[in-house]
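A.B. asks: Chains as they are written, first to last, in the numbering used here: chain A, 8 to 247; chain B, 4 to 195.
Among the clues, some could well be false.
[Claimed, not checked] For each label pair, taking beta carbons as the anchor points, the in silico distance ranges come out as: (1) A/Lys163 - B/Asp94: 22 to 30 Å; (2) B/Gly163 - A/Arg40: 16 to 24 Å; (3) A/Gln48 - B/Gly51: 28 to 36 Å; (4) B/Glu71 - A/Pro194: 56 to 64 Å; (5) A/Arg15 - B/Asp121: 33 to 41 Å; (6) B/Asp154 - A/Arg40: 39 to 47 Å; (7) B/Glu71 - A/Gly30: 20 to 28 Å; (8) B/Gly51 - A/Ala94: 15 to 23 Å; (9) B/Gly72 - A/Asp75: 46 to 54 Å; (10) B/Ala156 - A/Ile96: 21 to 29 Å; (11) A/Lys165 - B/Gly163: 22 to 30 Å.
It is worth saying that the hints were derived from the structure and are not from the lab.
Just so you know, even glycine gets a beta-carbon here, dropped at the ideal spot from N, CA and C.
Chain residues, written in single-letter form:
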Amino acid sequence: MSNGVPDRPTFEAIEAYVLDRMGPEERAAFERRLAGDPVLQAEVALEREHVLAVELGGLQRSLKAIGDAELRKGGGPAWGGLLKYAAGIALLLGVALWWMMRPPAHERLFAEHFTPDPGLPVAMSAADDHAFHDAMVAYKLGEHDEAIAKWSTQLKEKPSNDTLRFYIGCAELNAGRAAKAVTWLMPIAELPGSAFAAKARWFAFLALVRSGDLPAARALPFTEDHPYAQRAKAVLNDLR
Amino acid sequence: MPTPAHSRPAADDRLSGLLRNDPASLRALYTAHFGTVRSFVLANSGTGDDARDVFQEAITVLWLRAREGTLAPGTDPGAFLFSIARNKWLDTVRSAAHRHMNVVHDQRMHAAAVEPDDGVEERLARLRAIYERLDDKCRTVLDRFYFERKDLAAIAQELGVEEESIRTIKYRCMMKLRAQRDAIGGEDHERS
Numbered sequence: 008m009s010n011g012v013p014d015r016p017t018f019e020a021i022e023a024y025v026l027d028r029m030g031p032e033e034r035a036a037f038e039r040r041l042a043g044d045p046v047l048q049a050e051v052a053l054e055r056e057h058v059l060a061v062e063l064g065g066l067q068r069s070l071k072a073i074g075d076a077e078l079r080k081g082g083g084p085a086w087g088g089l090l091k092y093a094a095g096i097a098l099l100l101g102v103a104l105w106w107m108m109r110p111p112a113h114e115r116l117f118a119e120h121f122t123p124d125p126g127l128p129v130a131m132s133a134a135d136d137h138a139f140h141d142a143m144v145a146y147k148l149g150e151h152d153e154a155i156a157k158w159s160t161q162l163k164e165k166p167s168n169d170t171l172r173f174y175i176g177c178a179e180l181n182a183g184r185a186a187k188a189v190t191w192l193m194p195i196a197e198l199p200g201s202a203f204a205a206k207a208r209w210f211a212f213l214a215l216v217r218s219g220d221l222p223a224a225r226a227l228p229f230t231e232d233h234p235y236a237q238r239a240k241a242v243l244n245d246l247r
Numbered sequence: 004m005p006t007p008a009h010s011r012p013a014a015d016d017r018l019s020g021l022l023r024n025d026p027a028s029l030r031a032l033y034t035a036h037f038g039t040v041r042s043f044v045l046a047n048s049g050t051g052d053d054a055r056d057v058f059q060e061a062i063t064v065l066w067l068r069a070r071e072g073t074l075a076p077g078t079d080p081g082a083f084l085f086s087i088a089r090n091k092w093l094d095t096v097r098s099a100a101h102r103h104m105n106v107v108h109d110q111r112m113h114a115a116a117v118e119p120d121d122g123v124e125e126r127l128a129r130l131r132a133i134y135e136r137l138d139d140k141c142r143t144v145l146d147r148f149y150f151e152r153k154d155l156a157a158i159a160q161e162l163g164v165e166e167e168s169i170r171t172i173k174y175r176c177m178m179k180l181r182a183q184r185d186a187i188g189g190e191d192h193e194r195s
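Okay, chain A solo, but in the shape it has when bound:
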């Protein structure tokens, strides 16, 4: 442990003990260590309580879902038939509305071809990477605005960092702000030697498609050997 905070191996050993996921020998060894270590005893008690708190939160979420379903069931038979008719009408209205309001072709093509960048693996690493990885955790869990805010702060110190700029662009695109994403991704696409250049060009192309700027999308050059050239060509063919 450092500064009273358990490092990851210690945390995971305590966790395995608390969740009863240790083999007999490992458990016996841990309990011998535990018997003579009051700090470890306190950590075990704390982790036990935190795990219990998380489980309680999960239990309440499950109970709420079951309870809502039970209350709906208790609505009474007189409503049952009416509800079926109402559901049928709602379905028809829904289909009609969907047909009238379905997204235009360029948005459908974007949805068909766009797979968000999964981000970089978040590993335990040097302290100076902590802020970057903290934002990456938010990105991976879909908290794009939080990720953008954290990376933007770091970008003030490292304005030419292409990793930060690429992932801010990705986060903007994932958050549905395609036009803003283009402003981040296009400079990376043109940046010689950037490891993100190829993906940035592809995402910038898709962002242009998404935002309906089809002339700009058509004008965006892809060399024959570009890894996304064929996919870009397929999107443009479908847009004709």
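Assemble chain B onto chain A, guided by the hints.
C.D. replies: Quick look at chain B alone, frame taken from chain A:
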């Protein structure tokens, strides 16, 4: 309603399922015993929502006691849940805001043993306060790992993230919880 002797094995299965946070056992426990509590609450000036609230609180108390090993051997979950839910609803009815309500006495009101107050409410409040400190993204990962008991690979697949990232996120979230606890100056320790 107390569980008849012939269905005791099913009741035991539900209790052991509850200990494992098994969704099917939780649903079975709910559907088997909610109706009795709802009838009682509705007969005593309550609503369906009131019944749901006291019943869910009763299941939570049952769960915590089962987890802490403080349930008496052979506890009938149906009688236990009814007893807790009934007491909670009667407390509500007796409160100042509900003094005008008319309480219908029921033989079951005396049938089940009254649970001793051993601080379970305070423990639940403390655990809820801890959970409240978690942000949504931590809850997303921790719920799946600790409550649903999914392995890291399954969570990683569900969230479209590498397994190693989930492992790191889990560690960081648990350390955040710890740091927040330290930051409030041992408030919890004083209360406990």
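A.B. asks: Hint by hint, note whether the structure agrees.
C.D. replies: Verification of the hints:
1. A/Lys163 - B/Asp94: 22 to 30 Å: violated, 56 Å
2. B/Gly163 - A/Arg40: 16 to 24 Å: Given range 16 to 24 Å: violated, Cβ gap about 38 Å.
3. A/Gln48 - B/Gly51: 28 to 36 Å: violated, 46 Å
4. B/Glu71 - A/Pro194: 56 to 64 Å: holds, 58 Å
5. A/Arg15 - B/Asp121: 33 to 41 Å: Distance hint for A/Arg15, B/Asp121 holds at roughly 36 Å.
6. B/Asp154 - A/Arg40: 39 to 47 Å: The hint (39 to 47 Å, Cβ to Cβ) is violated, given that B/Asp154 and A/Arg40 are roughly 26 Å apart.
7. B/Glu71 - A/Gly30: 20 to 28 Å: holds, 25 Å
8. B/Gly51 - A/Ala94: 15 to 23 Å: Since B/Gly51 and A/Ala94 have Cβ atoms about 21 Å apart, the given range 15 to 23 Å holds.
9. B/Gly72 - A/Asp75: 46 to 54 Å: violated, 31 Å
10. B/Ala156 - A/Ile96: 21 to 29 Å: violated, 44 Å
11. A/Lys165 - B/Gly163: 22 to 30 Å: holds, 27 Å
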